[in-house]
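Combine both chains into one complex, guided by the hints.
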Amino acid sequence: MKKHHSRESQPFGEMFTGIRLTIHGNKEAELEGSRGILEYCSDSVKVNAGRCIIAFKGRGLHLKCMNESDLIIEGFIISIEYIN
Amino acid sequence: MIAVLLFRWIYGYFDFTVNGTFPERFLNLASRKGVRLWRTSGSKESLSASAAVSDMQLLSGLAKKAGCTFTVNKKHGLPEFCSRYKYRCGLLIGAVIGSVICVYMSGFIWNIKINVPDELNEYEIRRELAQTGLYEGVAYNYNDISAAERHIKMLDDRISWISINVFGTNAEVEISFKRDNKDKYAEKTMISNMISKADGTVTKIESGSGKPAVKIGAGVRKGQLLISGIVPYSNGTNAFTDSQGKVFAKTLKKVTLTLPKKTEKTLTDTDKVCIKSDMKFAGLCIPLTFCGSPLTENYKTVTEKRLTLLGNDLPITIKYEKIQPYSKVPENIRPNEARKELERKYRIYRTFLISGEDITVIKEKLSFSENRDGYALTVVITTEENICENKVVKVRES
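Quick note, the sequences are listed as chains Y and A, same order.
Going left to right, the first sequence walks through residues 69 to 152 as the working numbering numbers them.
Going left to right, the second sequence walks through residues 17 to 414 as the working numbering numbers them.
Just so you know, the hints here were simulated from the structure itself, not pulled from any lab data.
Remember, it's a predicted structure, so these values are computed and weren't measured experimentally.
Each hint should be verified, as a subset may be incorrect.
Claimed, not checked - Selected chain A positions facing chain Y (Cβ under 8 Å, derived; list incomplete): (1) E40; (2) S47; (3) R48; (4) G50; (5) L53; (6) W54; (7) S57; (8) G58; (9) K60; (10) N402.
Stated by the list, open to error - Below 30 Å or equal to it, Euclidean Cα-Cα: the simulated BS3-like pairs (lysine-lysine) are: (11) A:K102 to A:K90; (12) Y:K132 to A:K60; (13) Y:K132 to A:K49; (14) A:K49 to Y:K125; (15) Y:K132 to A:K80; (16) A:K80 to Y:K95; (17) A:K91 to Y:K132; (18) Y:K114 to A:K60; (19) A:K356 to A:K277; (20) Y:K132 to A:K81; (21) A:K81 to Y:K125; (22) Y:K114 to A:K81; (23) Y:K114 to A:K356; (24) Y:K132 to A:K356; (25) Y:K114 to A:K90.
As the list claims (entries may be wrong) - DEER-style ranges, computed between Cβ atoms: (26) Y:I151 to A:W25: 33 to 43 Å; (27) A:I18 to Y:I151: 36 to 46 Å; (28) Y:I146 to A:F23: 27 to 37 Å.
Beta carbons: idealized from backbone N, C-alpha and C, even for Gly.
Bound-form chain A, shown alone (with noise of 0.2 Å):
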């Protein structure tokens, strides 16, 4: 029935009404004449019906031959719709020329996404990717493909198994590693020594496994073995272990932290900042702003952000790029200023670098000082800190 409808439709068709005292008549020429009739209604003196437009003229004139008379009421199908827009024939050329580009435009890449294991980049990938040639915005080709697979995977040793599929017009790239059995086995049987990592006495000893070679209230040198891998049995012979434990120990920090009396002090206008976006696609960089570059100085913060359109990127990529001139200004810096900024520096070496749960501060003790060239604030820190350090002992057999 839809192919019945669809010829209909091609060939075009209309609905008309046969008004006069005899409409039956007009059915019975039409049906000598072979004219194929259908949604056909009809009432005391008036027949609708629908047929094809070729047989206007005869049912026209079929119509005038029963007494009727014949009125066509609407035109359905391709030839009226041609008719209808034959003046518009911009609609034909952009229907055309749309269709054109849809099918070029199938013929390349315009999105590439990139599942990748956390140890690697996706940028570096997607970088490397292009140098191969595979980028968005270039046309499919399956060797390109192969050999961007082939340039991946001698990039790292760890990739065991990279895949490019291309679907449609998305590429997706599917990159993962080998499973390394062979170093877990290593670390199952590795036989390793704790040592000194800084001068102290000892306070406090938490072996777990090896045999410790120090006594709480001894003192200890830098590089010195406090726990050791090779534990001697009573019947002469030796274990061999992985050490693991902890020493205590006090030991003492002297940390100098120093600040010219002469700097350069930078001045931001947030007047002149100036917001650049282009248009990425295709390959091509299209300016959306015209503000231009200051010539003096200045700080650039660049933001990409890829469109997207129902949960899909789309291939478009728009770059913000927002540039902050700045100017130096030289600056003298007083003592008490040096001495404040001195503090807070210390304060950030302290929170970031004798800090954990391994660690105690004890006590400490601050001098600040000036001289020719600048200011220096020295600190004297007393800590019990876990001074062990793991040191692989390499065995070689003979």
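The shape of chain Y in the complex, shown without the other chains (with noise of 0.2 Å):
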């Protein structure tokens, strides 16, 4: 019997599953599996990360190198949120 799961009852892992983040200290973040930018100026990112939104919240924050899945974020990162 296939089971069908509500937004918020989706368990917290399953969540993420498809996006990878590799912080590099508060300097440099990679993101494997954006699916585009939301918002983009320097003391704010926000990425599409299909099933919840990152924001990178920061100061003199810039895309180092993006494609269409992967992209990496250089600057002074003071705070990572996840957004549901």
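Next comes the structure, spelled out in structure tokens:
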């Protein structure tokens, strides 16, 4: 029998399947599995990660490089927020 | 990273700005199309980045699609450099010609540095090398250099080793002599006498080694034995030595200096001095001045100056030739002028020929005379001098 889960009842770990976030100190973050940038300015970068949005906040944030699914954010990262 | 920068420069890139309400949409479209962006920096409604020149049209279309304005700020890289200077082909031609000249000139020897012992003349070595085909401005050829080495080695028996090393366009010649140990040994075992080099009366004897053969007060003739190198022992045997010592004697010298009554006086004309300069380069002599040579008799003084740059000799020599015209005027010399001139000549003679620690002038008598041909100054000089002269005794084994 097929089991249907509502968004609220979805297990936490399943929400992040398909993305990988690697952080080097607080200066660089590599994100694999991005589906697009939602907001981009020097103090905030929001990335669509499929089932959630990942918001990077800090100073002097910029994209070092990006392609269809991966991106690297450089700058002084203060916080990373997962917005569901 | 340097390789990436180099490739970007070779293929060309440009800086651009995208303005609009939602520039992030432009970023997403660009990433979906696989366009590589770098140096991205964004604010609320604008985005700046760099991309390859080949993606310019695509990015412009994507900006339109995202509802943004697309502005190219600056182009960089080789394609931009070429397009900027495409109407100045002279620069390219000059660069190509310059490179070709550099490559071609590197095949020649432009500077020859010679390190020789003091006994050898650097100028002569340079001339001999030129005869064998090694001179400044010649094309580098290994066979010529080895032939030059052989030729120089055969010039002088004392040369034991020669090497000509070529570093780039410089040739360095090193010559060293043989060590002559045989002669030093022969000097140590030499037997010699001291003989007289002038007639005189012995006043003092300073004998080092050997046996004096004369006594103080004795009169000696030129060539007479003064100190013998063969010293007899009381047991009948002899010791053979290299005799050393000084024998001072009172001697008489007679010097006659003459001057003709009629002579030619040289008059130089300083206003007509001509200085010619030539530039020597690659075996060519290029005149720098065109003053010409005077038709009258003249003296020439030649000076060569080699140009240097940062301590390195350049293959350019500037030759200065100073030409001083002169004329000869017959002149009659008066007796008082002749006497002054002859006395001046005698003073020079005395300074250079009767001087030193082994000779003292006791008395000198000057007499000036005039005859039909000219004037004469006769000087009788009484000196006390060392009259010893070393003479090697040849010993033959029997």
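- Query: Under the criterion of a CB-CB separation shorter than 8 Å, is K60 (chain A) in contact with chain Y as hinted?
  - Reply: It holds, given that the least Cβ distance between K60 (chain A) and chain Y is near 6 Å, below 8 Å.
- Item | Assessment of proposed distance window 36 to 46 Å (beta carbons of I18 (chain A), I151 (chain Y)) | Cβ of I18 (chain A) to Cβ of I151 (chain Y): about 40 Å, so the range 36 to 46 Å holds.
- With a cut-off of 8 Å on the beta carbons, see whether E40 (chain A) makes it to chain Y. 5 Å, holds
- Satisfaction of hint between K132 (chain Y) and K91 (chain A), Cα-Cα up to 30 Å: Answer holds: K91 (chain A) to K132 (chain Y) is near 20 Å, not above 30 Å.
- Query: Per the CB criterion, is R48 (chain A) less than 8 Å away from chain Y?
  - Reply: Holds - the Cβ of R48 (chain A) comes within 8 Å of chain Y, reaching about 5 Å at its closest.
- Should the hint that L53 (chain A) touches chain Y count as held when the rule is a Cβ pair under 8 Å? Given a least distance of 7 Å, the restraint on L53 (chain A) holds.
- Could one say that the CB atoms of I151 (chain Y) and W25 (chain A) fall in the range 33 to 43 Å? Because 41 Å falls inside the window, the suggested range holds.
- Message: Tell me if the interface restraint on G50 (chain A) is satisfied: Cβ within less than 8 Å of some Cβ in chain Y.
- Response: Cβ of G50 (chain A) sits 7 Å from chain Y, so the hint holds.
- Item | Given pair status - K90 (chain A), K114 (chain Y), alpha carbons within 30 Å | 29 Å, holds
- Item | chain Y contact restraint on N402 (chain A) - CB to CB distance below 8 Å | 95 Å, violated
- Query: Given the hinted pair K114 (chain Y) and K356 (chain A), is their alpha-carbon gap at most 30 Å?
  - Reply: Roughly 113 Å separates the two Cα atoms, so the pair is violated.
- Restraint check for K132 (chain Y) with K80 (chain A), where alpha carbons must lie at most 30 Å apart: Judged against 30 Å, a Cα distance of about 24 Å means the pair holds.
Checked against the numbered hints above, the structure violates hints 10, 16, 23, 24; every other hint is satisfied.
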